[in-house]
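K.L.:
Each chain, written out:
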Amino acid sequence: MLRIVLEPRAAPWRSMRLAAPGIALLLTLLVSVPMLFALGLDPPATLRTFFLAPLSSANGISEWLLKASPLILIGLGLTVGFRANVWNIGAEGMYTIGALCSAWLALRFGDGAHVWLLPAMMLAGALGGIAWAAIPAFLRTVTNTSEILVSLMLNYVAALLLGYLVNGPMQDPQGMNYPQTAAFGPAALFTPLFAGVRLNASIFITAAAVVLAWLLLDRSFLGFRLSVSGAAPAAARYAGFPPARLIWFSLLASGASAGLAGMMEAAGPLGQLTPVISPGYGFAAIIAAFIGRLEPLGVVFGGLLLSLLYLGGEAVQMSLNVPASLARSFQGILLFFLLAADVLIMHRVTLRRR
Amino acid sequence: MLNRLELRAITKRYAGAAANDGVSLMVAPGEIHAVLGENGAGKSTLMKIIYGAVQADSGEILWEGAPVRIASPAAARRLGIGMVYQHFSLFETVSVVENIALAVAGPFDLAALAARISELGDRHGLQVEPRRLLHDLSVGERQRVEILRCLMQDPQLLILDEPTSVLTPQAARALFGVLRSLAAAGCSILYISHKLEEIRELCDRVTVLRAGRVVGGASPRDTSAAELARLMVGRAIPAVTRVPGEREPQPRLALRLTTPRAVSLTVHGGEILGIAGVSGNGQRELLALLGGDPVGQPETVYLDGEAVGHLGVAARRARGLALVPEERLGRGAVPGMSLGDNGLLTGHRLGLVRGGLIARGGVARFARTIIERFGVVCSGVSSVAASLSGGNLQKFIMGREMSLAPRVLIVSQPTWGVDVAAAAVLRQNLVDMSRGGTAILVVSEELEELFEICDRIAVMYRGRLSEAAARDMTSIEEVGLLMAGAGAAFGTAA
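Residue numbers (this note's numbering), protein chains in the order written: chain H, 1 to 354; chain S, 1001 to 1494.
Derived by calculation from the structure, the hints in this document are not laboratory data.
Mixed in with the good hints, there may be bad ones.
Only part of the chain H face toward chain S is listed, based on derived beta-carbon distances under 8 Å [claimed, not checked]: (1) Phe82; (2) Arg219; (3) Ala231; (4) Arg237; (5) Tyr238; (6) Ala239; (7) Gly240; (8) Pro269; (9) Gln272.
The beta carbon of each residue, even a glycine, is placed where N, CA and C say it ideally should be.
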């Protein structure tokens, strides 16, 4: 009788670390073929529509980056917390509050030609996210309440708040009673980088955030302390790393990035607020962070991949009339295989006689 | 006369490395046979093979002269083999007799069983009141329960794995009496240990294992401890040299606790204070107090005369405190991180962080220095801590904390799991550090170790600390009595 045994490796398997996302993608494709067959679709054509068609035009690539940008930005912030075992599931709500705070500035000052307006909105967005994140941080550090539950529930509070505001106080007076705010003025909007596409300068904010996150997580002592407190809380206490401060930092950093992403979306492709301002970026960013195995460059890869899954899902819905849940299944299957491949990085599989 | 147990060329490999390599061994009826070897020499693997928990790759086991295959511990018990593990497997919340009833086949008759326990206990000096609840028992009494549980099966061979590691010297002596009585009644005993003096006192024969092979057999009574050590290690062990130290007049570390009970100690620069005691008598709490995790009242702990009881670990470390915890993986080191990062864990004060960024070159150098200086066996600075053996990780953690050049060093179980030769090096390092002026506090269960390196020794018992006695003014016997709670020396200053 043979038994499969996982033995920890002396050092992580480096080549597997690089190969794991590719293997996971390959396995996802393999599993999806019978699934597509069962749906009565031609697998090669569907996969081509799903993964290649969206990237075949300049506009397609612009949309790809545009959707990836908030995923990456939020994912980076979440990574900071996940490294420290701080499980912020509330990025969606922080994103919403960030968008709301910046929208308030946009609606108040958007008619003029204020050059300070966009930077102020960025600040407002980040601060909004930070304020929302401060609630779980406070409850976790002072009353030892699970940040998972608190941040998760605050998503619904934020969504309801947005719904109330766009139906009431922030509703466009000339909007024929549609639940939406007035369109932002030009001073409150990012201008597109190229004519005819929606991709705008906010992508550089995300790019800067990647560098910043890399410095923080891979090069700074603060990042090291976060990782230690996540991997071995007792060792962090033994070394004298302050647990409460690290929890605050983790949550506020992810709040700032999510709030900023909300601002970027509001001042970018949306241009106004409606009751729904996110296709689930705050949740998908969790997956992006894990696809990127909590490494800043990996999160970029994860964000790009998930963005492609969004676009591909829309493309096959429109041109092949398949259900929207297909894209979601892809997300799930991919995450499953990625986490499975992760085991191989730290462990060796051996067969043993019982 | 037939041998009770004979092993012929037992070989067992794990991932290519031989844990046992052609081990042959004979145990006569009524013989107390020692298996001596360092950690990792293959003692545990061999015992697991005999007890059926592990199967040998090749080789033969003969029981009473007939070849047998021991497929499981149950099969071993049916043959008449009992095993007392180092870590007890007893239920805390039920009584002695109930604990034993759980392991005995047949009708559940507690009264009859209790009578049998008392009878067996009287015969072999294993007196335990059968109706007492387990959590009321001392460690020595619990061990009796473990042995009694084995005796219920009327074993012909009893295996004991490092049985004295949890006992006071006096309790160990009582255990030897029990084992001799069992042997006289015809039961063979396999006694696994790395403690030379014990083996010389108790055992009829000794088989020495090194790196999975039998490197010698001897009659321990006719062999000196130094000779046994040389057999076990393969070369002579350097003795720790201790020059008289210069004790600073002012204590660098002081504890003045009044509640819940009066506990106090001082450690001066230039000396090593040892805390003896069976573990679980408050050592953990003492170390937590001194280390600052969690913090307490200000006027309890003093570093260089400054009240620091309210300051956290970081503030105390900044004042020159370094600490080696008992728990290595997860506290002293982050299991999944490299040795480099584990050096950074507390070594960051040595200029390894510049402007908030980690100086990678410096981190690797720091870890490499520790690895080389303390002979840490690993594949390099990128090895993750969890991949090291316990002894090697201990060397790394000890080396790291010593490299911080602390004003005060607190060490719990400095050489636990470390091989004999490396332990001698670590002890010498501690002595040298103290002679260089560092104030060192050592908490250890190994009395020989404390007597080898300490200048003063205090004993911890049930949360109380005896007055520290100069090493030369006390003896192992006296300290052993205190460890068992005898004497009125508790509650005063150390």
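K.L.:
Which constraints among the numbered hints does this structure fail? Numbers only, ascending.
P.N.:
1, 8 and 9
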